[in-house]
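Q: Protein chains in written order, with the working numbering: chain X, 94 to 408; chain H, 3 to 224.
Any given hint might turn out to be false.
Simulated restraints on C-beta separations [claimed, not checked]:
1. H:F203 - X:T220: 32 to 42 Å
2. X:L137 - H:T128: 57 to 67 Å
3. X:K379 - H:L106: 57 to 67 Å
4. X:L107 - H:T128: 50 to 60 Å
5. X:P133 - H:A26: 36 to 46 Å
6. X:A361 - H:D190: 48 to 58 Å
Source of the hints: derived by calculation from the structure; they are not laboratory data.
Even glycine gets a Cβ: it sits at the ideal position worked out from N, Cα and C.
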Amino acid sequence: MTAFDWVAQILGILAALLAAPLFLGWVNQCRAWLQNKSAPPLMLPYRGIRKLFHKDAVIASNASPLFRLAPYVVFGTMVTAAAIIPSIATRLPFTRAADAIALVGLFATARVFVSLAAMDVGTAFGTLGARREMMIGFLAEPALLMVIFVASLIGATTALPQISELLATQSLALYPSLAFTAVAFTMVLLAENARIPVDNPATHLELTMIHEALLLEYSARHLALMEWAAALKLFNYVCIGFALFIPWGLATSQAPFVLTLSLLLLGAKLVLAGAGIALIETVSAKLRVFRAPEFLATAFLFAVLGLLVRLLLGA
Amino acid sequence: MEALPFDLQILNALAALLLLLSFAMLSQRRIVTLVNLLAVQGALLCIATVLLAWRTGANHLYFSAGLTLALKVIFLPWLLHRLIRRLGVYWDTEPLLNTTGTMLIGVLVVVFSFGLAQPISALASTATRNAIGIAVAVVLIAFMTMITRRKAMSQVVGFLSMENGLFFGAMSATYGMPMIVELGVALDVLVAMLVLGVFFFQIREQFDSLDLSHLESLKEDQ
Numbered sequence: 094m095t096a097f098d099w100v101a102q103i104l105g106i107l108a109a110l111l112a113a114p115l116f117l118g119w120v121n122q123c124r125a126w127l128q129n130k131s132a133p134p135l136m137l138p139y140r141g142i143r144k145l146f147h148k149d150a151v152i153a154s155n156a157s158p159l160f161r162l163a164p165y166v167v168f169g170t171m172v173t174a175a176a177i178i179p180s181i182a183t184r185l186p187f188t189r190a191a192d193a194i195a196l197v198g199l200f201a202t203a204r205v206f207v208s209l210a211a212m213d214v215g216t217a218f219g220t221l222g223a224r225r226e227m228m229i230g231f232l233a234e235p236a237l238l239m240v241i242f243v244a245s246l247i248g249a250t251t252a253l254p255q256i257s258e259l260l261a262t263q264s265l266a267l268y269p270s271l272a273f274t275a276v277a278f279t280m281v282l283l284a285e286n287a288r289i290p291v292d293n294p295a296t297h298l299e300l301t302m303i304h305e306a307l308l309l310e311y312s313a314r315h316l317a318l319m320e321w322a323a324a325l326k327l328f329n330y331v332c333i334g335f336a337l338f339i340p341w342g343l344a345t346s347q348a349p350f351v352l353t354l355s356l357l358l359l360g361a362k363l364v365l366a367g368a369g370i371a372l373i374e375t376v377s378a379k380l381r382v383f384r385a386p387e388f389l390a391t392a393f394l395f396a397v398l399g400l401l402v403r404l405l406l407g408a
Numbered sequence: 003m004e005a006l007p008f009d010l011q012i013l014n015a016l017a018a019l020l021l022l023l024s025f026a027m028l029s030q031r032r033i034v035t036l037v038n039l040l041a042v043q044g045a046l047l048c049i050a051t052v053l054l055a056w057r058t059g060a061n062h063l064y065f066s067a068g069l070t071l072a073l074k075v076i077f078l079p080w081l082l083h084r085l086i087r088r089l090g091v092y093w094d095t096e097p098l099l100n101t102t103g104t105m106l107i108g109v110l111v112v113v114f115s116f117g118l119a120q121p122i123s124a125l126a127s128t129a130t131r132n133a134i135g136i137a138v139a140v141v142l143i144a145f146m147t148m149i150t151r152r153k154a155m156s157q158v159v160g161f162l163s164m165e166n167g168l169f170f171g172a173m174s175a176t177y178g179m180p181m182i183v184e185l186g187v188a189l190d191v192l193v194a195m196l197v198l199g200v201f202f203f204q205i206r207e208q209f210d211s212l213d214l215s216h217l218e219s220l221k222e223d224q
């Protein structure tokens, strides 16, 4: 590990922290354009976060310390996840700490804390949202693990940077298994980040919302951290997708020029991915909550098919 | 990493897509989409056959690719669409199992057929021998499609999809069946389809629906 690797690592985390709200703003903007609405400004998520940091926090009188602690834990896990995921460079000092399976665990930790905090105050909506969040989570997690297993089989390691380095540097090959898991991963991404087929991020209608219901009791800096963590989560998922399915352009060598180039490429990929997510959200209708298991079972099926195809065809 | 030739990679990808289409057919409820999926499956089969013919230089495979294109991509889907229009059956309700359950059983079927095909693949000497397992899986899933449906129309689509799987299996195990067998099978399918088309009208006339559960009781009086 050289000083340069640490520079790449810190740059990666900073890029994630700064670009996450911007990416969310971009997705919202694309979605508004596609739906023929006048788009919200790109910087709106930043302004929201800044505004919330300047407010005084209001906390329910019967809230336990867990309620105050949860935003910091959730934000912390998301930043840690951003440190592990190879978003711009593959030689990251932090990745020795955790592999891809531990990454799934990190996301699970965040989910548990969000749900516990939502149940903590004891309002009906929080409990409802927490239960739904856990339901989505327990269905999405196996699918995500399967996706990671397929990539691990191909890369013969569970470390995310090594997998994407291998995929980026080897000669071009068709991987039907990776194509299947890419579909599965996209579905998991939509479900986990409360995007449209499963949850509508723009809704405040109590009976259908999941993500918003979890945050109802939060205000000011806690809410800001939660919103920022949600944006980071989306960013992290998209970066996992890049690392597994379009790893070209990641900096695998140590040169400032390569690092700059990969940073620019990441930006280009994010622009395309944001437009893609907005497109999926526009063309699909929100599912009833009881149809969500079907949606996620399909994702699981795709991932398992990828695994089987990999095992049988070696492709 | 192993470096497969590119055409073999495409063949593998096509095999994987065939498997995916089988699952799409298993989960699909709309009969019109089901027929379209069948046509796509036929088209993939046709592409795979042409690719294999080009790779192995077996000229009779070009012929069977043409047969596949004419029969399974163009004629049979057209016939089925026409039947659907004339019978006015656009929906296939009442599956015997829910979608998620069917899909999960489908995954088990795939695992089973991969295990089943392992010894056959070990014996075969073709470059595509790995795809035999997929062909067996396609056949068995098409079989499941037939089992889990009640309406005659979707059972017929399942039957045709099963034939696709058999064809793909023969192709990947021995580079296609002898021409005479292939022609025989194609004719069989064609005639079966035409007979079934007539049969549909008879069933509907008798029972006012295409639900095959009506055929289960032996006597008319209940």
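Q: Look at the Cβ atoms of P133 of chain X and A26 of chain H and judge whether their distance stays inside 36 to 46 Å.
A: 37 Å, holds
Q: CB of K379 of chain X to CB of L106 of chain H, is that within 57 to 67 Å?
A: 25 Å, violated
Q: Note whether the CB distance of A361 of chain X and D190 of chain H lies within 48 to 58 Å or breaks it.
A: Given about 54 Å between the Cβ atoms, the range holds.
Q: Between the beta carbons of F203 of chain H and T220 of chain X, is the distance compatible with 32 to 42 Å?
A: This hint is violated: roughly 57 Å between Cβ atoms.
Q: Does the Cβ pair L107 of chain X, T128 of chain H satisfy 50 to 60 Å?
A: 54 Å Cβ-Cβ, so the 50 to 60 Å window holds.
Q: Given a hint of 57 to 67 Å, does the C-beta separation of L137 of chain X and T128 of chain H actually sit inside it?
A: With a Cβ separation near 59 Å, L137 of chain X and T128 of chain H satisfy 57 to 67 Å, so the hint holds.
Hint compliance for this structure: hints 1 and 3 are broken, all remaining hints hold.
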